[in-house]
Amino acid sequence: MTTYTSEFDDIPGTRVFTARRAKQGYHLNQFCMSLMKPENRERFKAGERAYLDEWPMTEAQKQAVLDRDYNAMLDQGGNIYFLAKIFATDGLSYLQAVSTMTGMSIDDYQQMMLHGGRSPEGWRSVRDGT
Amino acid sequence: MARITAGLTTSHIPAIGAAIDLGKTGEPYWKPLFAGYDWTKDWAARNRPDVVILVYNDHMTAFTPEIVPTFALGCADEFPPADEGYGPRPVPVVRGHADLAAHLAERLILDEFDLTLLYKLDVDHGLTVPLSLVYGQPDEWPVRVIPLAVNVVQYPPPTGHRCYRLGQAIRRAVQSFDEDVTVHVWGTGGMSHQLQGPRAGFINTPFDHAFMDRLVTDPEGLARLPHIEYVREAGSEGIELVMQLIMRGALGSGVEELYRFYHVPGSNTAVGHLVLQPVQEES
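Top to bottom, those sequences are chains P and C.
Using this note's numbering, read the first sequence as starting at 1 and increasing by one per residue.
Using this note's numbering, read the second sequence as starting at 1 and increasing by one per residue.
The hints are simulated quantities; they were obtained by calculation from the structure and are not laboratory data.
Cβ coordinates follow ideal geometry from the N, Cα and C atoms, glycine included.
Check before you lean on any hint, since a few could be wrong.
Claimed, not checked - Far from chain P by the CB rule (all over 12 angstroms, computed), these chain C residues:
id : residue
1  : Thr25
2  : Tyr86
3  : Gln168
4  : His193
5  : Gly197
Unchecked claim - Examples of chain C residues toward chain P, derived with CB under 10 angstroms:
id : residue
6  : Pro14
7  : Pro65
8  : Pro198
9  : Tyr259
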C-alpha cells in the first residue's frame with residue numbers, strides 16, 4: 001500500500017474509493033450498474049437472491065446487498081455512486097440512504113443537516129483524535 | 001477570436017434537480033437555496049455567452065466500472081439527459097459545439113493534456129442541475145455546452161494543480177479559436193460533503209469560505225492543496241472541489257468577484273456559488 005492510499009486510513013469513518021477498492025468491488029459495482037435498466041430492476045425486485053447469483057460477486061457482497069448494509073458494501077469495494085442505483089431501485093433519496101450508514105435515524109440525520117451538518121470537530125484524524 | 005468572458009462555480013446536487021422538476025422550489029426547505037440564484041439568473045439573462053464549457057463529474061451514469069477517464073471532453077452535437085434510475089430529468093437536450101470542441105481537443109492534446117474524447121454521452125445531474133439553476137426551465141437551453149467530465153469518484157482524481165493547469169490550457173485553446181464566440185467556463189461540484197460511512201453528513205463551513213476566498217485571490221496556492229486535505233476538511237465527496245480550479249485557471253490571473261452565495265444544507269451538501277469575471281483584457 002502506498003503512502004497516498006494509507007494516509008486516507010487516518011480519516012475517521014471513511015472508506016476512500018481507491019483503485020484497489022475499485023478492483024475489489026468491480027462485480028458488485030457492475031451489478032449496481034445493471035439496475036439502471038427498468039427490466040433489470042423488475043427482475044431484481046422479483047427475486048433478489050436469484051438475480052445476485054447471476055453475478056460473480058463474493059458471498060459477503062451479496063449478503064451486504066440483501067441486508068442493504070451500505071457500510072458493508074463500501075467495505076467490499078462498493079462506491080456510493082454505484083450503490084445509488086440500489087437505493088434508487090428501493091425508491092430512497094440520497095439523504096435517506098446515506099443516513100443509514102451513520103447509525104442515526106433518517107429524522108435525526110435530517111435534523112443534523114438542517115442545523116449545519118456534521119461538525120468537523122472529532123472527525124478529522126484517527127491518529128490525532130481531532 | 002473566441003473569448004472567455006466569465007466563470008462561475010456551483011454545486012450540482014441531484015436533489016436540487018428533483019426539487020425543480022417536481023415544482024418544490026417554493027417550499028420552506030428549498031426557498032432560501034433557490035433565492036440565492038436569483039441574482040445569477042438575472043445576470044445570466046443579460047450576459048449570455050455562445051458556449052459554456054461545463055466542468056462536471058459523471059456519477060457512474062455514462063461511465064461504468066469498466067473505464068475511468070480522468071478528463072473527458074464532449075465532442076458531439078448533442079447530449080441527452082441520462083436516466084439515472086428515476087427516469088431522465090424533464091429538461092431539454094443539451095446542444096454541443098462540435099467545432100469548438102474539436103479545436104479544444106486538438107489544442108489541448110498538443111498542449112500535452114491527454115484527454116479522452118466522447119462522441120456519445122448522456123449527461124447526468126452533474127451537468128443538468130447547474131444549467132437549471134442558472135437558466136431555469138426553458139424549452140431549449142439558451143447556450144451551447146461543451147461538457148468536460150472529470151473523474152472525482154475513484155481515487156486518485158487529478159490533482160488540483162493539474163486541474164488548474166488544464167484550465168490555463170483551455171484559456172489558450174479558446175483564444176486560438178478563429179471564430180467570434182464568447183465562452184463561459186463553469187466549475188461545478190462541492191462544497192464540503194461526504195456521502196459515505198459513519199462520517200456522512202460532514203460539513204465544514206469555515207473551510208468552504210476559505211476555499212472560495214483562495215479560489216478568487218490565491219488560485220496558485222490553492223492548487224497545491226493535497227487530496228488528503230480535501231478529504232480531511234471537505235469530506236470524501238468534497239474532492240469534487242478540484243474541478244473548480246479548472247474554471248479558475250481558464251479565467252486568467254486576475255478576477256473580479258461579482259457574486260457569492262453559500263447555503264447549508266442542500267440534501268447532504270454545502271451549496272457554494274461564485275460568479276467571476278476576468279479582470280484583464282484578452283491579450
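Over 12 angstroms to the closest beta carbon of chain P is the bar; see if C:Tyr86 clears it. It is violated; C:Tyr86 is separated from chain P by about 6 angstroms at its closest Cβ, not greater than 12 angstroms.
Is the nearest CB of chain P more than 12 angstroms from the CB of C:Gly197? Per Cβ check, C:Gly197 is inside 12 angstroms of chain P; nearest 5 angstroms; violated.
Holds or violated: the hint that C:Pro198 contacts chain P, with Cβ atoms closer than 10 angstroms. holds, 4 angstroms
Regarding the assertion that C:Gln168 does not contact chain P, is the least Cβ-Cβ distance greater than 12 angstroms? Answer for C:Gln168: holds, closest chain P Cβ roughly 25 angstroms.
If I take the minimum Cβ distance from C:Thr25 to any residue of chain P, is it greater than 12 angstroms? holds, 17 angstroms
Under 10 angstroms is the threshold here; is the Cβ of C:Pro65 close enough to any Cβ of chain P for the hint to stand? holds, 4 angstroms
Regarding the hint that C:Tyr259 lies at the interface with chain P, is the smallest CB-CB distance below 10 angstroms? violated, 23 angstroms
For C:His193, is the shortest CB-to-CB distance to chain P above 12 angstroms, so the non-interface label stands? Not fine: 8 angstroms to the nearest Cβ puts C:His193 too close to chain P.
Does C:Pro14 pass the interface check with chain P, least Cβ-Cβ distance below 10 angstroms? Holds, about 7 angstroms.
Going through the hint list in order, the structure does not satisfy hints 2, 4, 5 and 9.
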